[in-house]
Amino acid sequence: MTEPLLSVKDLSVSYGRVHAVRGISFDVAAGTLVTLVGANGAGKSSIINAISGIVRPSGGRILFDGEDITKTKSHRLVPRGLVQVPEGRQILATMTIAENLQMGARSYGAGAAAGIDEMYQRFPVLGERRKLAAGSLSGGEQQMLAIARAMLARPKLILMDEPSMGLAPKIVNEVFGVIDEVLAGGTTVLLVEQNARRALQAAREGHILQNGEIVRSGASETLLADDDIIQAYLGTGRAKE
Amino acid sequence: MLFTESTLVFIALNGVFAFSFYAVLVAGQLSLAQAGFAGIAGFTAAALTPPPLQWGPIPTLLFAMVIGMVVGAITAVILGLPTMRLRGVYLAIATLGFAEAIRIFLLNSDWTGGAQGMSVPKTLTPAVAWVVLAIVTYWFARQSRSRYGRALEAIREDELAARSIGINVGGHRLSAFVAAGVLAGLYGVMWAYYVRLMAPEDFGFSTAIDGLVTAVVGGTANFIGPILGSGFQTMLPEVLRVTGVEASWIRPFISVLALLLVILFLPGGIASLIPRRRQKVDVAALQTDAAQLSLRTHPAAGEVVVELKQLAKEYGGVQAVRGVDLPVRSGEVVGLIGPNGAGKTTLVNMVSGLIPPSSGTATVLGVPIGRTPVHRIAAAGVTRTFQHSKLFNRLTALENALIGAHVVAKPTFLRRLIWLPSARRDERIALAHAARCLDRVGLLDKANTLAKGLSYGDQRRLEIARALAADPSLLILDEPAAGMNHVEADGLSALIKDLSADGLTIIFIEHNVGMVLDTCDHIVVLNFGEVLADGTPEQIAADERVIEAYLGAADEPDADDTTSAPAQPAEENSND
Amino acid sequence: MLQQLLNGLFLGSIYSLFAIGFTLVFGILDRLNLAHPSVFAASAFVGIWLTDAFDLPIWLVLILVFAFGAVMGLLIERVAFRPLKDRPDAHFAGLISSIAMAGMIIALLQAAFGPNTRRFPVGTIPEDALNMGDLTASWLQIIILVVSLGLMIALSLLVQRSSLGRSMRAVAENPTAARVLGVNVDRVTALTFAISTALGAVAGVLFALNVNSAQLGMGSAIELKGLAVIIVGGMGSLSGSLVGGLVLGIAEVFAIQYIGSSWRDLIAFALLFVILLVRPEGLFGKRKVREV
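Chains as they are written, first to last, in the working numbering: chain P, 1 to 241; chain S, 1 to 576; chain R, 1 to 292.
These are computed hints drawn from the structure, not numbers from a lab.
Hints should not be assumed to be uniformly reliable.
Below, a list of computed lysine to any residue pairs in the SDA-like style, where the Cα atoms sit at most 25 Å apart [as the list claims (entries may be wrong)]:
no., chain 1, residue 1, chain 2, residue 2
1, R, Lys-85, P, Gly-16
2, S, Lys-122, S, Val-318
3, P, Lys-71, R, His-91
4, P, Lys-131, R, Arg-78
5, S, Lys-390, P, Tyr-15
6, P, Lys-73, P, Tyr-15
7, S, Lys-452, P, Ser-14
8, P, Lys-170, S, Gly-317
9, S, Lys-452, S, Gly-317
10, S, Lys-390, R, Asp-186
11, S, Lys-390, R, Ala-190
12, P, Lys-131, R, Leu-75
13, P, Lys-71, R, Ser-239
14, R, Lys-85, S, Glu-548
15, S, Lys-410, S, Gly-171
16, P, Lys-156, P, Leu-63
17, S, Lys-452, P, Lys-131
18, P, Lys-170, S, Arg-428
19, P, Lys-71, R, Arg-187
20, P, Lys-71, R, Phe-120
21, P, Lys-156, R, Trp-263
22, P, Lys-73, R, Pro-88
23, R, Lys-85, R, Thr-176
24, P, Lys-156, P, Asp-227
25, P, Lys-170, S, Ala-533
26, S, Lys-452, R, Arg-187
27, P, Lys-73, R, Ser-239
28, P, Lys-73, R, Arg-187
29, S, Lys-452, R, Ala-90
30, P, Lys-170, S, Phe-3
31, P, Lys-170, R, Leu-5
32, P, Lys-71, R, Arg-78
33, P, Lys-170, S, Glu-530
34, S, Lys-280, S, Ser-422
35, S, Lys-452, S, Pro-275
Given the structure is predicted, the values throughout are model-derived calculations rather than measurements.
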C-alpha cells in the first residue's frame, strides 16, 4: 500500500475558547477524491484552513507527500503543490481576470502564459472577459475562475471549500463537472461540502462531521444509501455512541 | 528640590488636560483636538476677563475659567456634530486638522496678539489648581459606576452591540466630546493664568502629543490614570534634571519611548496595574431588589408583533433576500433555518434594524424599520444576539448584563455626584435585575468572571442574558447553539421555552435542525433568499424539499429513483 | 499667472511624492503610519550631512537617502506595526505606536544634529535657471519635478505591472485571498512599508533642497498637509495622491499670492474637512469608510 498523499492525525483547531475541530484523523490517497460533509458549524472550513496553512492547528499532525506540514504556512505550501479553493471563492474582485490567473500561476514556472491560455480555452467566458474586473463575473463563473486559478499552481492536492455554496443547482452540476475533470487529470481532491449528496456522488470515500468530530466514515456509496447520514448530518439523531 | 511650586501646579494642570483626553478615550474615540480647544478657550477668556484688580484675583480667575469651559464646550460641539460618523483614523485626522485650523486662526488674528501672543496676569495658585483637579477627578470617579459611564465603556468595547442594547451612541459620543472640550478649555485658561504669556504655538501639535502621551501612559483603565500620567510627564524632566542629565532631547525621547512600551505591552496604561473594583451584587436581596424594577408588559398572546411584507435586500446585483412575507405572533418561538447563504442573517439584520431593506416593509412591535435607528428599535423592545459573540470582553459577566439593562435602568450619574441615596438604590435594583438575568441562563456563579474568560458555551449564554436584561418583548437569537454540545443545546432549548412561557416572542436562527424541531412552534425555512417552507415542526420535518435543500438535490434533473429512495425512510425518522 | 502655476506644480510634486508613500501603506495595511513624516524630516538631515561630510553629488545622496528611508520603513513596520497585528484595538494602537516612533526619531535627530536649522553647503544647489519665453524654471525645480514624477511613475508601474505589485494589490484587497494564493503577506507588508518610507525620504531631501533648510519641525508641518492630500485624494489611491498633491501645491502658491502666506495652511484643512464630511472616501478612493 502506498502512502496516502495527505494524512491527518488527531487534528485539533481552536480559536480562543472555541474548539472548532476536536481530534480528527483521516487519509487521502493520491488520485482520489475524498469528501468531508457536515452541517454548518461542523468545523469543515477549519480543517481545510489548518491543512492549507492559513490557520495554525492547536494539536495533531498533518503529513503531506511524506513531509510534516503541521506548522507550515500557506505561502510555503503553494509552491509544494497544495492549494486551496476557499469558501466563498475569495477572488480578487477589483483585479482583472487575467491578473487573478497570473496570481494563481506564480509558482508555475516557465510557460505560465501557455498555461493561462489553456485555461482560457477550457473556460471561454474567462478568456472573453480577461481584461475585465473579476467582480463582474457571476457566482458560478467566479467559482470556475477560482478553480482555474488554483489549477495554475499545478497542484498535487487541491482543497475545495464548499464550491456549491450560493449556486443554483444547474451551475452546481457544471462545477462538479469541472471537479471531475480535475480529478481525471490526476490531481487529488479533498472536498468539503454542505451539499452532501452531490459531494458523495463525486467522491470515493467520505467522512461526516458533526461538531468538530468525525461521526461516520466510509465508502461513499455506503454512506449515500444509509439514512443514518441524514440523522447525523442534520443533528436530528444522537451521534456516535 | 524636586517639588517646586511650579511642578505642583503643572502636575495638576497636566492632569486636567489628560482628563480631557480620557473623557473621549473611555468612549473609544481618539480625538486630538484638545489642544485647539485649550487654545481658543484660553485666548477668549483672557480677552474677555477684566484685570484682577477689578474684582480680586480669585473671582476674576473663576470668571475666566467659566468662560474657558463654555468656549471649550461650544468648540467641541462645532467639531463633534459634523464628525459624528467618523471613526478611528478618520476621526483622529479630522480632529487634528481642526486643532491646527484653530491654531492658524489664532496666529493670524489681531485680538490674540498674533504670533507674539498675549500676556496674562498670574493669578493661579497651586491650591486652586489642585482643587480643580480634585473636582474633575471626583466627577470621573462618580461617572465610572453610573449608567452613563457604563454606556461609554460599552461603546468603546463594541459599538454595534451597544447600539443594539438601546444606547444612543451618537448622543453619548457628543457628550464625551463636550466633556473633553470643557476640560481642555479649563486647562487652557488655568495654564494661561499661570504661565503669564501665551502664544498660539503653545497650543499646537506638540502640546497635543504631550497630552496624548500623558493620557495613554497614565491609562484609561480607571479614573486615576490621568493623574498617574501627569505625575510621570511632569516629574520626568525634574528627575532628569536632578540626576544631571543635560541633553534636551532625552526628555521627549523617554516620554515617547514610554508611550511605545505602554501601547505594546501595557495597553491599559499604568492605571491598569491597579486592579479594578468590579461591581458586586447582594445575592440575598436579589429577589426583592429586582422586583422593584418596573418591567415591560408584553403584547397579548397571538397578537402580531412582527409583520414582514415583501421584504427584500440586494447587494450590488445579488439578491440576498427576495420578497419575504412573514407574520410572527406574540409568544411564538420561531425557528429560522436554511442552508448556508440562504439569507437568514440578512433577514434578521433587517428586522433588528441593523441594515435597511432594499424594498418591502417591516413593522416590529409597532415600529417601522428602515429609517429607525437601532437603539430606538431596542428601546421599543427588540434585542438580539449575534452570530459571532459581541460581548464587552474586558468587563465581567455581571457588568455585561448590567449594561444590557440600559433601557430599563434609571440614569444615575447626576444623582451620584451629590450622593443622593436614591441613586444608590436604583443602582442596586439594576444590579439585581442583571443578576437575575444571569441566573436565568445559569451564569450567576460566574458573575465576576471577565467575559473573555468564559467558555464558549458560557459566552453564548451571556449574550442571551445581556439581551434579556433589556427586557425585550421580541428576542432575536443568531445561532445561539453554535458550538454547543447536546447537553448544552438541550439546556438552551429549555430556556427558550421558558422565556416563551413568560410572554416573550423569540426568533432564532439555527443550524442544529434537531434542536429547532424540538423547541419551536413555528419554523420558517429559507433558501436562496426566499421562504421555502413555513409551518409547524411536523410539517417541516416531513417536507422533502427541506431535506433536499440541506442535503442537496440529486444530480440530474431527471432524478432516478435510487437517489430519492433514502428520503422515504428519512421522513419517518427525522421526527426526533 | 502661468509662472505661478508652474511654481505650484514643482512644490506640489513634492507633496505628491510624500503623500503617495503615506497612502500606499494605508492601502495595504489599512493603517496610518504617523512616523512617515518623521522619516521625511530625518532624511533631510541625513541628506545634508552626507553632502556636507562626504562631498557627495546630489544624485548619489538621493539614492543613499532612498536606501535609508527603506531601512527606516522596515524598522518601523517591525517595531510599531507587526506586534499589533492581531490585537482587537489594532487601529488605535497602530496610530499611537507610530506617533511614539515618530517622537523617538525626532528626538534622536535632535541628539545627532542639534536643534538648529541646517543648510546645504554652499554650491550644492544649482543656481541657474531655464528660460522658456515668459516662464522661468530653475534647474533645481526641474530636478525636483523629474525625480518626483519619475519615482511615482516607477511606483505605478511596479504596482500595476509587476508580480510584486499584484501581490501588493491582492493583500490590499483581501489578505486572506492573498494568503490562499501563497503570497507571503508579512513580507509583502514589510516591502510595502520600505518602499513607502523610501519615497517619503526622497521627498524630504527634495523639500530641503527646495527651501535650502532642514528643521526638526518640518515633519509635523508637512504631516497635516500630507494627511489632507491623502484624504482628499482618497486613502489608498495612488492617483489620488498624485493629483491631490499637485492641487495642493498650486492652491498654496496662489493663496500666498492673493491671501497672504499665513493663511496658506488653512487651505489644506478646509479641504480636508469638507471632504471628510461630504465624501470621506476622497475624490478617487474606492474604500468604504468603516462605520464601526
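Taking the hints in turn, this is what the structure says about them:
no., hint, result
1, R:Lys-85 / P:Gly-16, "holds (16 Å)"
2, S:Lys-122 / S:Val-318, "violated (68 Å)"
3, P:Lys-71 / R:His-91, "violated (28 Å)"
4, P:Lys-131 / R:Arg-78, "violated (37 Å)"
5, S:Lys-390 / P:Tyr-15, "holds (15 Å)"
6, P:Lys-73 / P:Tyr-15, "holds (17 Å)"
7, S:Lys-452 / P:Ser-14, "holds (15 Å)"
8, P:Lys-170 / S:Gly-317, "holds (20 Å)"
9, S:Lys-452 / S:Gly-317, "violated (39 Å)"
10, S:Lys-390 / R:Asp-186, "violated (28 Å)"
11, S:Lys-390 / R:Ala-190, "violated (32 Å)"
12, P:Lys-131 / R:Leu-75, "violated (38 Å)"
13, P:Lys-71 / R:Ser-239, "violated (40 Å)"
14, R:Lys-85 / S:Glu-548, "violated (43 Å)"
15, S:Lys-410 / S:Gly-171, "holds (17 Å)"
16, P:Lys-156 / P:Leu-63, "holds (14 Å)"
17, S:Lys-452 / P:Lys-131, "violated (47 Å)"
18, P:Lys-170 / S:Arg-428, "violated (61 Å)"
19, P:Lys-71 / R:Arg-187, "holds (18 Å)"
20, P:Lys-71 / R:Phe-120, "violated (53 Å)"
21, P:Lys-156 / R:Trp-263, "violated (65 Å)"
22, P:Lys-73 / R:Pro-88, "holds (23 Å)"
23, R:Lys-85 / R:Thr-176, "holds (14 Å)"
24, P:Lys-156 / P:Asp-227, "violated (34 Å)"
25, P:Lys-170 / S:Ala-533, "holds (22 Å)"
26, S:Lys-452 / R:Arg-187, "violated (32 Å)"
27, P:Lys-73 / R:Ser-239, "violated (34 Å)"
28, P:Lys-73 / R:Arg-187, "holds (13 Å)"
29, S:Lys-452 / R:Ala-90, "holds (17 Å)"
30, P:Lys-170 / S:Phe-3, "violated (82 Å)"
31, P:Lys-170 / R:Leu-5, "violated (61 Å)"
32, P:Lys-71 / R:Arg-78, "holds (22 Å)"
33, P:Lys-170 / S:Glu-530, "holds (18 Å)"
34, S:Lys-280 / S:Ser-422, "holds (18 Å)"
35, S:Lys-452 / S:Pro-275, "holds (17 Å)"
Of the numbered hints listed earlier, those contradicted by the structure are 2, 3, 4, 9, 10, 11, 12, 13, 14, 17, 18, 20, 21, 24, 26, 27, 30, 31.
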